[in-house]
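This is what each chain is made of:
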Amino acid sequence: MKVSLFVTCLTDTFYPRVGEAVVRVLEHLGCEVDFPAAQTCCGQPMFNTGCHADARDLAKRMIDVFEQSEIVVTPSGSCCAMIRDYYHELLHDDPAYAERCTKFVKKTYEFAEFLLNVMKVDLKRQKCKWGGGADGNVPIKTTYHYSCHLRGLGMTNEAVRLLEQIGGIDYVPLNKTEQCCGFGGTFAVKYPEISGSMVRDKIGCVKDTGASVLVCNDGGCALNITGAMHRAGMPITTKHIAEIIAEGLGLMPMEQRREARQ
Amino acid sequence: MSDHHEHPVALSKDGQSILFPSLPYDMHARAEAFIADEHIQTYVNRATLGRDNGRKAFTKQIFGDRHNDLRLLAGRIKQHTLDNLDYYLEQFIDNAEKSGAKVHFAADAKEANAICLDIARREKLTACVKSKSMVTEETHLVPELEAIGVEALETDLGEFILQIDNDAPSHIVTPMIHKDKTAVARAFVRELGAEYTEDPKELTTIARNYLRDKFRRADLGISGGNFLVAETGSVVICTNEGNGRFCTTAPRVHVAFVGIEKLVPTQMHLSVLLKLLAKHATAQPLTVYTHIMTGPKRAAEHDGPEQMHFILVDNGRTKILADPEYREALRCIRCGACLNACPVYRKTTGHAYGAVYSGPIGAVITPLFKGLENYKDLPNASSLCGACYEACPVKINLPELLIKLRRDMLSGRVTKWHERIMYKIGAIGLKSRFIYRVGGFFQRKMLRMLSKGGYIRKAPGPFKGWTIERDLPAPAAKDFRSWWKRHKS
Chain U
2 MKVSLFVTCL TDTFYPRVGE AVVRVLEHLG CEVDFPAAQT CCGQPMFNTG CHADARDLAK
62 RMIDVFEQSE IVVTPSGSCC AMIRDYYHEL LHDDPAYAER CTKFVKKTYE FAEFLLNVMK
122 VDLKRQKCKW GGGADGNVPI KTTYHYSCHL RGLGMTNEAV RLLEQIGGID YVPLNKTEQC
182 CGFGGTFAVK YPEISGSMVR DKIGCVKDTG ASVLVCNDGG CALNITGAMH RAGMPITTKH
242 IAEIIAEGLG LMPMEQRREA RQ
Chain C
8 MSDHHEHPVA LSKDGQSILF PSLPYDMHAR AEAFIADEHI QTYVNRATLG RDNGRKAFTK
68 QIFGDRHNDL RLLAGRIKQH TLDNLDYYLE QFIDNAEKSG AKVHFAADAK EANAICLDIA
128 RREKLTACVK SKSMVTEETH LVPELEAIGV EALETDLGEF ILQIDNDAPS HIVTPMIHKD
188 KTAVARAFVR ELGAEYTEDP KELTTIARNY LRDKFRRADL GISGGNFLVA ETGSVVICTN
248 EGNGRFCTTA PRVHVAFVGI EKLVPTQMHL SVLLKLLAKH ATAQPLTVYT HIMTGPKRAA
308 EHDGPEQMHF ILVDNGRTKI LADPEYREAL RCIRCGACLN ACPVYRKTTG HAYGAVYSGP
368 IGAVITPLFK GLENYKDLPN ASSLCGACYE ACPVKINLPE LLIKLRRDML SGRVTKWHER
428 IMYKIGAIGL KSRFIYRVGG FFQRKMLRML SKGGYIRKAP GPFKGWTIER DLPAPAAKDF
488 RSWWKRHKS
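Residue numbers (my numbering), protein chains in the order written: chain U, 2 to 263; chain C, 8 to 496.
By construction, these hints were calculated from the structure, which means they are not laboratory data. Hints are supplied without guarantee of correctness; some may be wrong.
Taking lysine-lysine pairs in the DSSO-like style, the calculated list, with each CA pair at most 27 angstroms apart, reads [claimed, not checked]: (1) U:K177 / C:K186; (2) U:K121 / U:K104; (3) U:K177 / C:K67; (4) C:K492 / U:K108; (5) C:K326 / C:K423; (6) U:K3 / U:K107; (7) U:K3 / C:K492; (8) C:K402 / U:K107; (9) U:K191 / C:K423.
My request is simple: use the sequences and hints to build the entire structure.
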């Protein structure tokens, strides 16, 4: 299967390792991955702040860049939701783009969704193990942050289902799992008092799980939650599910807080 | 709103009126105060989360996979009614008048109150019992009645407590969500001369005894209306305490204040909405008392008012109705589910919104009612997480409406110029592959220079707000593209 990676601007800048993990996992599963280099941003920041003309330009750009792609996969639910939920609204009356937009929307998937629903992956059979000890079977308490924009994609527990296929992961659900972490783009910067109170609530819930690893599949949420955990002095590792799978399959070296895994 | 509220109003901690602060309203100070208030954080968080979880569990149990279909249907019923509101209004007025009720139309809050005061003066009414109504909060009716010598008493227990405590509702459905029994006990001692008790049962008894006498003597009953049925000219009110029934049965005159958007075509349509209302509001199968009232007392009937008046309130609604992009906001059936689901509401509580309607629906309709320039914060103080859209029983796309308000603020130059320039620079950077890479390079370099141990503790310029509350993880040394190049070569 030919897959194009839409890495997203936050992943490109802050979490390139997530992009690498996505590529390694997809290649391992037999996909032929390409990376259209002209891609920049899906336009979500522009759309959410009300700059709809600019968002429209960026949406058109995305459609142009991925015109030749069969399938587009992105490691960010939020950017995927921007494409699925709002591109049509931006471009439905543009004669040059309306139809191409529909095609683009149809072929774009969030990473976990793609793995489960399209690739029908079974990580158990792949012997994916991410626990501690020599054979990776010693359970590591791991919790998962549900990013809000997965709602727009109709996703609920896809990442958890993947986690449950991985050996050595002791999954602990997060309290108030559907409550937003308080990122919201400019919201976090313009309303720090409210956003800060939201993220403190979230990291409190993370702490309560007793987990040493937090799986977080969205760059924005990851920046916000890891930033808040660092400020609070909480020694918890944040990882994208793609990193866990890539490491669990031996495609990438284990990284970050090795002591938790020994 | 063209009305001026010259009457004494409940004051917030900042000395400003809680629901009618001076405009333009600045949310920050109040939000900060409420976030710092441990008591509010505990109570409001617990209550909203409990309600929200209750709603999810209960609707799933009752409707299963069909829940979304029912929400779609309910949304369509309301949208259809709004799209044909002139027709249904006429039908309602005809049928209400046929049943013997009088229908008045009020363009704004001032007019609505004036109609009610006229009725009170003409009929020489002096004692009013009132059932909970958000529209009368909107028109600020009670002080006006009192100013002409009508004793007006709120009879919903929550509203009653707020009234005697000189406070204002902070939630559409649970008006005193921000108060606990200690506050109630203190208010009862101070205002009613009661013995101090925190026992909920005893507190309720004190209120009941006080209210019972007022119900007996009242000659004016005022209610809101959860729905108006065009087919029959009826008003529907839903209460959990039965006080609505008392207010509309015992007094000689009943006046119902209802927003024009509350219309539904027929009883059949009403049944769909009633199926959803209580489940989304309080996770109850039905509200305890659901009254459908058509016309005043007829000759053979023992109880009921001699006169029944409808005051159909516009107060900015036709302006929203005229805009096809925002019209869906008027579908709202005031169940409060979006408030309970909203993490911003959970942290800041209703009074931080500085208006009668709070939460996500308030953040949409308040700026539409009172001007974007007056409520700049409300559409922006949202993370657009979508919990409200998921909770809404009539599928109002609240996040999308908030984004549209942001768009209109930007194009109407309500947004500050330096913010507009920042967005423009950002857009230029993202539109060109070259500037994106060069800009990204410098951004990474700069942020990495500021960082220590992988995190930035104090960031400059546009990132300042971020590091007030949390650290900023430093960007990676090299972007994904650099890795990709190596990977492919």
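Here is how each hint holds up against the structure:
1. A threshold of 27 angstroms between alpha carbons decides the hint, and for U:K177 with C:K186 the separation of about 23 angstroms falls inside it, so the pair holds.
2. Among the hinted pairs, U:K121 with U:K104 is consistent with the structure: their alpha-carbon atoms are about 22 angstroms apart, no more than 27 angstroms.
3. About 18 angstroms separates the Cα atoms of U:K177 and C:K67, which keeps this hinted pair within 27 angstroms; it holds.
4. Taking the CA atoms of C:K492 and U:K108, the gap is about 25 angstroms. The hint holds against a cut of 27 angstroms.
5. Between C:K326 and C:K423, the direct Cα distance comes to roughly 25 angstroms. Compliance with the 27 angstroms bound is thereby established for this hinted pair.
6. About 15 angstroms separates the Cα atoms of U:K3 and U:K107, which keeps this hinted pair within 27 angstroms; it holds.
7. Proximity of U:K3 to C:K492 is assessed by CA-CA distance (about 19 angstroms); at most 27 angstroms being required, the pair is judged to hold.
8. With a CA separation close to 24 angstroms, the supplied pair C:K402 and U:K107 stays within the 27 angstroms bound.
9. Only pairs whose Cα atoms come within 27 angstroms are accepted, and U:K191 paired with C:K423 is accepted, the gap being roughly 12 angstroms.
In the structure shown, no violation is registered for any of the earlier numbered hints.
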